[in-house]
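Novice: Sequence:
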Amino acid sequence: MFLLFIPHSFLYSEIGVRFGTNITNQSWEYSELDLNRNFENRFGPNIGVNYKILELNYFDLYADVSYCQMRTSEKMKGTLVWQNQQGYIDADVITLKNEFDFISFALLAHLKPFQTKLNPYLCFGPRVDYLHDKHSNYNSIVIKNFNNYVYGIVIGVGFEIHAYKSSSVVIESTVNTDVSYLYNTDQLSVKKSSYNLVVGYNL
Numbered sequence: 001m002f003l004l005f006i007p008h009s010f011l012y013s014e015i016g017v018r019f020g021t022n023i024t025n026q027s028w029e030y031s032e033l034d035l036n037r038n039f040e041n042r043f044g045p046n047i048g049v050n051y052k053i054l055e056l057n058y059f060d061l062y063a064d065v066s067y068c069q070m071r072t073s074e075k076m077k078g079t080l081v082w083q084n085q086q087g088y089i090d091a092d093v094i095t096l097k098n099e100f101d102f103i104s105f106a107l108l109a110h111l112k113p114f115q116t117k118l119n120p121y122l123c124f125g126p127r128v129d130y131l132h133d134k135h136s137n138y139n140s141i142v143i144k145n146f147n148n149y150v151y152g153i154v155i156g157v158g159f160e161i162h163a164y165k166s167s168s169v170v171i172e173s174t175v176n177t178d179v180s181y182l183y184n185t186d187q188l189s190v191k192k193s194s195y196n197l198v199v200g201y202n203l
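The sequence shown begins at 1 in this note's numbering and counts up one residue at a time.
If you are wondering where the hints come from, they were derived from the structure by calculation, not from laboratory data. Treat the hints loosely; a few may be bogus.
[Unchecked claim] Have a look at the derived ranges for each label pair, beta carbon to beta carbon: (1) D101 / N57: 30 to 40 Å; (2) N36 / Y151: 46 to 56 Å; (3) I94 / Y151: 46 to 56 Å; (4) F114 / S140: 41 to 51 Å; (5) N57 / Y138: 22 to 32 Å.
[Stated by the list, open to error] Below are the DSS-like pairs computed for lysine-lysine, each with C-alpha atoms no more than 25 Å apart in a straight line: (6) K144 / K134; (7) K134 / K191; (8) K97 / K75; (9) K97 / K191; (10) K117 / K165; (11) K165 / K112.
Think of the CB as a built atom: it goes at the ideal place given N, C-alpha and C, for glycine as much as any other residue.
The task is simple: from the sequences and hints, build the whole structure.
Specialist: The structure is reproduced here in structure tokens:
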């Protein structure tokens, strides 16, 4: 029975596509200055595909690959100052904008407590982010030396709505949290986290 059961679970393998958005937080912690810079969140695209590699009664296992552009910004005082009409000294406020292109690989378990047409599930698993490219409107040595690979975990909830035959529509919300650093020295450590909302279609 066991030998027959394993192939049967793979017969229900399926490919899904996902489209959505993410909002990213990036934290810069300076150890000596007792300072923590939190960049403002900006929305970015999230596009991916996944492949169901195992299906059981209340448990699915997915391999997930996605492209995610994580965007951050921060307003800072510039170096140009002048005296205004009231006699006060003003300084330019500049907005620092960053865009980071990540290719993410995840192995996600889906726990499905109910077997209904509207099927809620809990998803979680490990994730690896590869920093494919980065863009910034200012010259930062720290950003230039970000690690290419970052490791983290994914946890979230979703709904799978069964549609035509074996196809289904998915609405999913996840939180991605890093367990390793984008940048880490004795003086500064940089980590990121993101909230993702996607809709998808399982073929």
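Novice: Hint by hint, note whether the structure agrees.
Specialist: Consistency of the hints with the structure:
| no. | hint | in the structure |
| --- | --- | --- |
| 1 | D101 / N57: 30 to 40 Å | holds (39 Å) |
| 2 | N36 / Y151: 46 to 56 Å | violated (22 Å) |
| 3 | I94 / Y151: 46 to 56 Å | violated (33 Å) |
| 4 | F114 / S140: 41 to 51 Å | holds (48 Å) |
| 5 | N57 / Y138: 22 to 32 Å | violated (53 Å) |
| 6 | K144 / K134 | holds (8 Å) |
| 7 | K134 / K191 | holds (15 Å) |
| 8 | K97 / K75 | holds (9 Å) |
| 9 | K97 / K191 | holds (17 Å) |
| 10 | K117 / K165 | holds (12 Å) |
| 11 | K165 / K112 | holds (19 Å) |
Checked against the numbered hints given earlier, this structure breaks hints 2, 3, 5; the rest are met.
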